[in-house]
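Enquirer: Chains as they are written, first to last, in the working numbering: chain A, 467 to 604; chain B, 51 to 839.
Hints were generated in silico from the structure; no laboratory data involved.
Careful, some of the hints might be misleading.
Claimed, not checked - Taking lysine to aspartate or glutamate and the EDC-like style, the derived pairs with C-alpha atoms no more than 16 Å apart in a straight line are:
#1 B/Lys738 - A/Asp603
#2 B/Lys79 - B/Glu158
#3 B/Lys738 - A/Asp602
#4 A/Lys525 - A/Asp602
#5 B/Lys424 - B/Asp512
#6 B/Lys418 - B/Glu508
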Amino acid sequence: MTTLITKTITKICLPLVILFSISLLLAGHNNPGGGFIGGVMFASVIALTYVVYGLDYIKSFFDPDWGNWFGFGLLLASVTAFAAIAFSHNFFRSAVEFIHLPFFGEVELVSAGLFDIGVYFVVIGGLLFIFKNVGDDR
Amino acid sequence: MDSFTAITLAVFLPFILAGILPAIEKLLKEKIGWYASAVAFMSLLLVAQAAPEIIHGGTIQKSIEWLPSMGINLSFYADGLSIMFGFIVSGIGVIIMSYSNGYMSKKEDLPRYYQQLLFFMGSMLGMVFSANTIQLFIFWELTSITSFMLIGYWRNRPMSVYGATKSLLITAAGGLFMLAGFLVLHAITGTFDIPTILQNESIRDILHSHELFILTLVLIFIGAASKSAQGPFYIWLPNAMEAPTPVSAFLHSATMVKAGIYLIARIHPIFSGTDAWFFLVSGVGIFTMLLAGFLAFRQTDIKGILAYSTISQLAYIMTMYGYTTHHEPGIGVAAATFHLLNHATFKACLFLVAGIVAHETATRDITKMGGLRKEMPITFIVATIGALSMAGIPPLNGFLSKEMFYEASVEMGSLLGSPYNILIPALAVLGGVFTFAYSIKLIDGIFLGKRPSKGLPEHIHDPSMVMLAPAIFLVGLIVLFGLVPSIPVHNFIEPTVSGILLQEAHLHIKLWHGFTAPLFMTIVTFILGILTYTQYSRIAEWQNKFNARFPWISVNYYYDAAVDNAKNVTSKFSNRMQPGPIKTYMLALLLLTITMFAIPAILLASSLLPSDLNFDIPLYEIIIYLFMIIAALGAAMLPRYVPAIISISGLGYLVALLFIYLQAPDLALTQVLVETLSTIIFLLAIVKIPQKFKEHITKATLTKDLLISATVASIVFILLINATQGIVPPFESLSHYFIENSLPLAGGHNIVNVIIVDFRGYDTLGEIAVLCLAALGVYNLIQSRSDDE
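Isolated chain A (complex conformation) (with noise of 0.2 Å):
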């Protein structure tokens, strides 16, 4: 699979898929996307590179601990979930505000969006590290 079609067109597409999984992500809560799926694309993508550059030449000088990624998620996720409690909430309540940005214009800030940021951490982190830990046994 090594070949110089697949090396040319991943590298042109590794950071567009990369920005494309950011936007999927924070464009979740109105369009489709959310951070499962960004998480799933960012891992593909990075899936992908392992692959065709082969996982050893991308480790030497690109190895992220990809179990932190996803501890990070999880601990994101439930802090977001606990938060509402510090404020005298039920447990998962969420929270919703319209601030307005110059260039931006009107912005949506959801807690439930940085819950979801917990979640594409955990999924680009599990999947990831699944993948690293198969490729990498002998």
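Add chain B to chain A, keeping to what the hints say.
Expert: Just chain B now, kept in the frame of chain A:
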């Protein structure tokens, strides 16, 4: 800070601060023990903050709603009893964690050790301050689990693992009995709230006259007895001595084993004053006291002697809490409470000494020791005071509570009349005699006599102050409580006794109170104790012989047999249930589906297909379906793995296409991505195995498989037809609720996403937690396999 906040913080701070302990460890390195001690000290201060209010006769009670619909709340209740336990747990916690700095080698996994100690301390504090029986149960089982981890701290030693498993099996199972008892109690009284039952005499009257009274009592008592190693459940405690010595001192002498005692004291006002209470609690107590005291003779391990002595001493306390009559519900309460406090001081002290001795001599076998008094003078003095307090020698605190024990026994006996007026005091003295004998053995065997010529290191000396200071502090308490009993009595015992008896209590405890029956009994104890000690080794030998001859007269024999059997049966069962090939599991699942559908279908005997079927499928969908069928056939029939996998993923993409036609863009996107990723993973894995299907499928198997697949497919088809035609569930669809409310309630236009992250966020949290666990599971599978190779 108000007292309720202080108590809540005292319970939860250890958990939170233990959570960040690994991060702190990076800064402090091997000094991390001092951080843990500081956390324990903080809890101690917080408990002390709440204490004055209790000592002046008040109680603290407040709850935060948790599951209000079921009457389960996060609620804390503090009275004298809880505060005294709070002080014991956090105070001994500080002492033990400081001591561990000297005891634990720097090479050990210190973060794990201190983290679990702090978790334990938090659970224990949570338990003693729980106002709700369900909450009490949760913290109760948490102490069992942390105890399990700490006993098994040295994971590679088979005996640690054995001891840890034993303690978990017995204490956690006992906890389940207790839970059952609490549920019956709830059924009778209608509440999970302990203070409500304590404050309502009418509820207690209903309970006392209820036919399930005895059952409730027995169930809860089994929980208490298993935790406090009473009756036949004692067997886990001696094996728990495989834990690091500070752990034994903390959990298995001073605190966790007292959880059962705590429970008995907590339910004392609810159940006492009945015959059942006396016979159950005191009966089991006296029996355990004598048996464990007697069995201590056989032990050659210092910690073994201490373990049996702990069981016996806990049985004293249990017995005293059991002393009750209808008119005098709390004869032994004051004595029991005082002994509880004293036992925590002298037993923790003796365990610390055992740790010091083992640390310096590298053995715990008392037969190999002797004559260490010259080399370890300070340890010798500390140990002597501790052991003499346990033996009940004046003017130490053990003497006072032992006298009170005798006094209570005499009173109880005389209230019951003949033959109990002789029997109970006599048994009490016998228990005291055993205690006296093994206490002397500890001093004599380790420190007095001649130093054995071999087996001990050449240079033995007192340890550093890090290890000595905690023990010396405890000795200070032993002497202080003995000489000035009014300090503990006024601050701890009186509030506790008032909390248990639900009335103001005033006690006068003095060293000397004339020539009374208890004094006479003490003197008899000393004389008989010395006589027994002269026969010590002979008794031990006789016990060994007896044990070798009748191995089946022992609880351990039955425990081991039961556990071995269980292991055999479960391994046979799981071997049969999990033969390996996935096809077998699929077959079971599919057959189950068929039966689940077939039974109601036959019973109802209704027509399976609605008569007015309305198939209005656009042409483009039909084309997709055709392709899907081809892809599915390809996946089933292609002879090589790679084309088959590509067929499967083709099927997946076609499904995604279908989702787009059905106007579900989120689903389509997810489907495409998941399909891509799983194909990549599949292909990566598949290149490593042979590329041709080797399995030869016979015609019979093929027919059978085809039949089952066809049946399942038709069932799914029928179910779907019925569901989509709106026939089977005559219910309204839920979707309109989400469509209407997603914007106003959650501020989002994308309903699917709002459902995932908001309406059903709790589900999602569970799902991502599962994903994390799955990732860890895969990791462990791969790692464990490469370890085997």
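Enquirer: Could you run down the list of hints and mark each one as holding or not?
Expert: Evaluation of the provided hints:
no.: 1; hint: B/Lys738 - A/Asp603; in the structure: 11 Å, holds
no.: 2; hint: B/Lys79 - B/Glu158; in the structure: 12 Å, holds
no.: 3; hint: B/Lys738 - A/Asp602; in the structure: 13 Å, holds
no.: 4; hint: A/Lys525 - A/Asp602; in the structure: 11 Å, holds
no.: 5; hint: B/Lys424 - B/Asp512; in the structure: 10 Å, holds
no.: 6; hint: B/Lys418 - B/Glu508; in the structure: 13 Å, holds
Comparing the model with each earlier hint shows no violations; every hint is respected.
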